[in-house]
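Asks: Put the complex together from the two separate chains, hints included.
So the chains spell out like this:
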Amino acid sequence: MLNRKSLRYRINFTIALTLTAVALIFGIALTIYETHRRNDAVLEIELALSQLTSRHSEQLGNDIFASHTLALKATMAEIMKRKSILLITAYDEHGKVLVSTDKDTQKDLSHELMAALQLTFMSTKKSWNNQSVLDFTSSVIAYGENVGFWKIYYSLVPLEKETREILFIFATLILSIAILIGILLNSVLMRIVLNPVYLLRNTMQHIEEIGRETGSGSKRLDKMVQEFDKFSDDLVPLKGTDNEIALLASAFQQMLFALKNAYVGIRTDGLTQLNNRLRLDEVLRYEFERVKKYDGTFSIMLLDIDHFKKVNDTYGHLAGDEVLKKMADVLKKNFREIDIPGRWGGEEFLVILPQLDRLRACRIAERVRVEIETKEFPGVDSITCSFGVAGYRAGDTIKNLIKKADDALYKAKAGGRNRVEKR
Amino acid sequence: MQSLLIVFVCLAALFSAGFPAVAAADEIKVAAILAKTGEAAEDNLELFEAFRFAVNEVNSKGGLLGKKIKLLEYDNHSTPIQSKLAAKQAVKDGVVAVLGASWSSHSLAMAPYLQQMKVPMISPDSTHPDVTLAGDYIFRVCFIDSFQGKILAMFAKNDLKAAATVIIQNINSDYSLELARIFKQNFTATGGEVPAVLNYTSGQSDFTDLLKAAEEFNPDVLFIPGHSESGYVVRQAQELGIKAKILGGDAWPYRQFYANGGQDIKEGYYTTLWNKELDTDKSRDFVARYKKVYEVTDFSAAPYDAAMLLFDAIKRAGSLDSGAIRDAIAATKDFDGVTGPISFDNIGDPVKKVIVMKITQGRPSIFKIITPN
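Chains as they are written, first to last, in this note's numbering: chain U, 1 to 423; chain C, 1 to 373.
In isolation and in its complexed conformation, chain C is listed as follows (with noise of 0.2 Å):
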């Protein structure tokens, strides 16, 4: 009676995973959800290939529970609907939990549905601070801008000695408006002058109308809160002659932002999570891995730090139940990333370090690392 009742319980459980699950059984299936089209297409590649970097190397020592991690990668199409959509995609597939996504606004839209769903998601670089308060199934590894913009507030001020700092904001992008407005907050009330705050939207490469009009504020810093188009905002700046220092934020140091422009900078400043030049074991250890597979760039040791902790997690679950995973997550404690030490407050934030960088003549190096107290 009870034998029968087993190979029930498994006939149901083959009809409801579906015939994929069937030669699946020994796999661990893992969303990667990020863009393959759109603008982001460009700048979530170094993402997808951290990813896929993190994938091989586990399997290659065996995989995970006994069983190989198979990497589902979705394609958001650079949009907040299509990466809720990809999000119902994956869930469908029966995934244990998801990767991703890189921008906010991607991040946002999928984060309601994964938490209704109760699968678990860890994002490697979302750092709008609502993304995590969708609820207790989503986690990220990177510092939140209310941190981080805080830091660019007191580097701004008390660093680049600026007064009045113009903002040229992507009004499309979650990241890029969190990140102006905390910033234009600390800058305030500091005693920093912010006259005005610039809109621009996604697809516009021609900011010389913005610029030209940042210009007659005479700002001592140009603040520019976006992604790699952020490459186009500061060649066009330094064609136009502004004399204005540059400063972003972790969003820009992509290939495609250096290409834009950002090769050209003379003088610029931007905040990261990670950069190949950090100076700690594992750090120079993964570099040293890693750049043998792929580039090595900024986001490369987020998504990495992610998938490992999330492969971590799972180990110690020792289960494929998405709510013993979350509890595992949500357990870590001191976890060893490249990025550095990883462990949750009880919304599912990391506290980390904030690497300001410096541009001088395109080329990026480590100006100063600033802990949270």
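Isolated chain U, as found in the complex (with noise of 0.2 Å):
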């Protein structure tokens, strides 16, 4: 799913490293933190062992000094009554063992140790029946004498159990923060970045759907900016900021809008503003496939203003470009949604009326061809048109249907303009 070239898996992954890599440090901090903790921990038994040491030593020593192996063993055996302590042997002042808790225990003090252990005391972490130990060995002093040794395994595992409870609990702290942080970095990613960019790209892929539907090209990219601003609302994450997201939409909305005037541009007439000779080709085109696929009909309207020459040579070609647009405006106002009225050519006029029969368009002809004649247009006197219907029948090519629509319109010539012939 998580494809591993995707933003979202880098990002991600780099979170993920990152928090890694501060879990790390944490680790390291806590590690140096225990070690510290450890050995003040093993500095405080060391101490208690000595005092300990020290508060038997004379009891100890004279046991020591005069073999009294079974007081030995009775002093031993209260001290062992002590938690942690696991083994205590005492050994004579030639470092030969004399008691030992442990029977097993029957190794004597080398003469280096007991030379280091002169008036004091070392200690060790070693191993011992499978559980870490402190060996504490220590000098038996009494009255200013070095009269004995005496060693005495100290169980470590509870330092070792607290070691591991801070360790469990540091990182499952660290751990349980690092994938929180994670999971918010990732929702903050989700919301703020690649949501927005999963929603334009969705939009995106909904216009191109508006875009592939049927109907006026211009109509449809109308709906395709509009379904874009219906969309563009909630591309902005954060209201009320200019981010990226919505600087990136608002682009894709320029380019809609660039791209529907480019379009509109080239299949518009340049003065009239209604649609020109490419696009009405384009819709008869369409009409076409239409009629010949779902078995109807549609109906073209050729309507020429007459004696057009003449309000050029009358009134300059101002005047007569403003005839024009009046025309145009006319024509914008007098047919139905659906209907697609454009400039064929000069003072001629094609107006394409979609499902229509040829009798019906007569009418609709007859009702434009009175409203032309009763209107003003300024600075001219009136104005009239003559107007060429024809309807489709099947078997019609778009070539013969202009043919028949010329040819009314040049028998409506003819018969003496400001009229409506069929053919």
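Since the hints were derived computationally from the structure, they do not count as laboratory data. Note that beta-carbon positions come from the ideal geometry of N, C-alpha and C, so glycine has one too. Hints are not guaranteed to be accurate.
[Stated by the list, open to error] 27 Å max Cα-Cα, derived DSS-like pairs, lysine-lysine:
id: 1; chain 1: C; residue 1: Lys333; chain 2: C; residue 2: Lys68
id: 2; chain 1: C; residue 1: Lys333; chain 2: C; residue 2: Lys282
id: 3; chain 1: U; residue 1: Lys103; chain 2: C; residue 2: Lys29
id: 4; chain 1: U; residue 1: Lys103; chain 2: U; residue 2: Lys81
id: 5; chain 1: U; residue 1: Lys309; chain 2: U; residue 2: Lys333
id: 6; chain 1: C; residue 1: Lys266; chain 2: C; residue 2: Lys282
id: 7; chain 1: U; residue 1: Lys96; chain 2: C; residue 2: Lys88
id: 8; chain 1: C; residue 1: Lys292; chain 2: U; residue 2: Lys73
id: 9; chain 1: C; residue 1: Lys29; chain 2: C; residue 2: Lys292
id: 10; chain 1: C; residue 1: Lys333; chain 2: U; residue 2: Lys73
id: 11; chain 1: U; residue 1: Lys81; chain 2: C; residue 2: Lys212
id: 12; chain 1: C; residue 1: Lys315; chain 2: C; residue 2: Lys150
id: 13; chain 1: U; residue 1: Lys293; chain 2: U; residue 2: Lys223
id: 14; chain 1: U; residue 1: Lys260; chain 2: U; residue 2: Lys326
[Unchecked claim] Reference excerpt, derived from the structure (chain C facing chain U, CB under 10 Å, subset only):
id: 15; residue: His77
id: 16; residue: Ser105
id: 17; residue: His106
id: 18; residue: Ala109
id: 19; residue: Gln169
id: 20; residue: Asn172
id: 21; residue: Leu177
id: 22; residue: Asn199
id: 23; residue: Tyr200
id: 24; residue: Thr201
Replies: In structure tokens form, the structure reads like this:
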């Protein structure tokens, strides 16, 4: 699901890596802390054991000196009642074992060790009977005399248990925090960056689907722009900010507008803002395909301004252009929404009337003719138009249909102008 | 030239002996090492008194070899280590011989050092067999535990008709441990039974738990080879209603023992080297003289004999050379002691009679005297 090349994977991977590094740093800090804590604890144990030694040194010293093994055993048994003391061995001044609470411990002290132990103590950590112990060996000093030695094994198991607990608690804490931060960063990433990106992608896909719908290109473009506007509100992750995603969406919007303008521009007549010949040809082809597929019908209407050359000659070309613009307004207002009016060329206009037969088209043509005849065109005398209407019949081609409309128009012109003829 | 050499030697001797030696030129320094502090202090005082009595007696009759005897008293603090330290100090102080110690644990600690330094030592009453094994400079004037323990075992078996004896021993005391061991060995050898040997430590004064444990074995005899703390044991045994007969060794009859509970004993037995009731001329005479100065106890005679034997040896040696004194002590033949005649075997031990005492209502009296065969 998560593509290794995706932004989400890479960002999450970076977050995970960073958190691992942070967790590692905390882990190292924890280890250092724990090592210090343990060393301190061991020092405390050593202190306690050396205090224990001095507290018992007179009694121990005499018992060791006089080889009172039974008394030593009794003293040691009393001391063994203390928690964590696992073994006690007493040695005479030559380092020979006198008494040990562990019958297997019969190893005498080495000369090196005894030399090092004169009037002091040593301790090392070691493993004994599968558990960690502090091997504490001390000289026993009575009345200033080094009369012997004793060894205590002090269990470090409680200390190790503490270490395990501390490590477990802190490791759990660090990991939980890392995972929480990871989830949080991920959700922020999702909410602020990725979700808008996905939404944008979905919107674009949706808009692309609209683009594949049938119907007028400019209308589809309009719809696409509208759809985009609907989505663009959701694209802004944090209201009131100019964040990058919003800028991206806005750029898309601008692009759509530009696209629409470009599209509409090449299919619109510059003077009248009506569809141009190219657009009319497109629609004609589209309507032809449609009627062939669904067995319907449609009509076309060709109209020409009567004596337009005279208007140009009398009032000038500017006035002529104004008449053409005014004529476009009339055409825009007097047809159904699905009808497509356009400038066919010069003073000639073509209107495509989908789903209408020839007779109903003629009625509309008649109404429009009256409308033009009665409309005032400022600066010029009254204007009239001649209409040629042609309806599609099975077997017609585009060329043939236009020829029919042209013929009808010729007929209307020949018949005295300002009239509707049909073929 | 020769006179110069003599002056030189004299100077060297002066410097090596130190300044006190100058003043003590006409003194014979003898050490008495016993406890003045610690658990043995009360008991050992009785021995100090006897040593002082002997020294005073000799000095009042003109001293020895024309010199006064100077008794240097050392405190061993009732511990083995400090006994050795006291012996070291005594040697440093230049004593010709050492009297002491009393408790076997203390004598055992001193003897090897004095042997090494070749200073004669005579213990008045350390009965542990190992004391004199330290070497040929170590002597004693009492019987030893291998004999005493055997006598006690035979007495328990034959006179007290005991089948089972429970032993209560002090594990800090070499004397107690050794006497218990020898008793057990001899008692079981004659068919007796020792169902339990119970331990206590120095300084303990409550023996209730121990005695209750002993009672469970239903013994005929309770053998308690301790020092004066044995007084607590016997009193508490009687308070618990223990019917077993009570038996002890030669370390019982201190004043402190009676004070601790010995005075309440209805019936009990112990062994001793000497008692003021001993009906000999020497003994009667000693008691008559001694009681004018100190109270006579069972521990008055042995230290007196030890001191007098040493002074006799010095006289016979005719010099203060420690080797000569040792040889004279070893050569002692039938020394006429208050406790009886004393001759040493090659180890340094005399052959002595054992007196069995019976305590009735807190009052001791001689029950029988056993002579070694």
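Asks: So which of those numbered hints doesn't the model satisfy?
Replies: Violated: hints 3, 6, 8, 10, 12.
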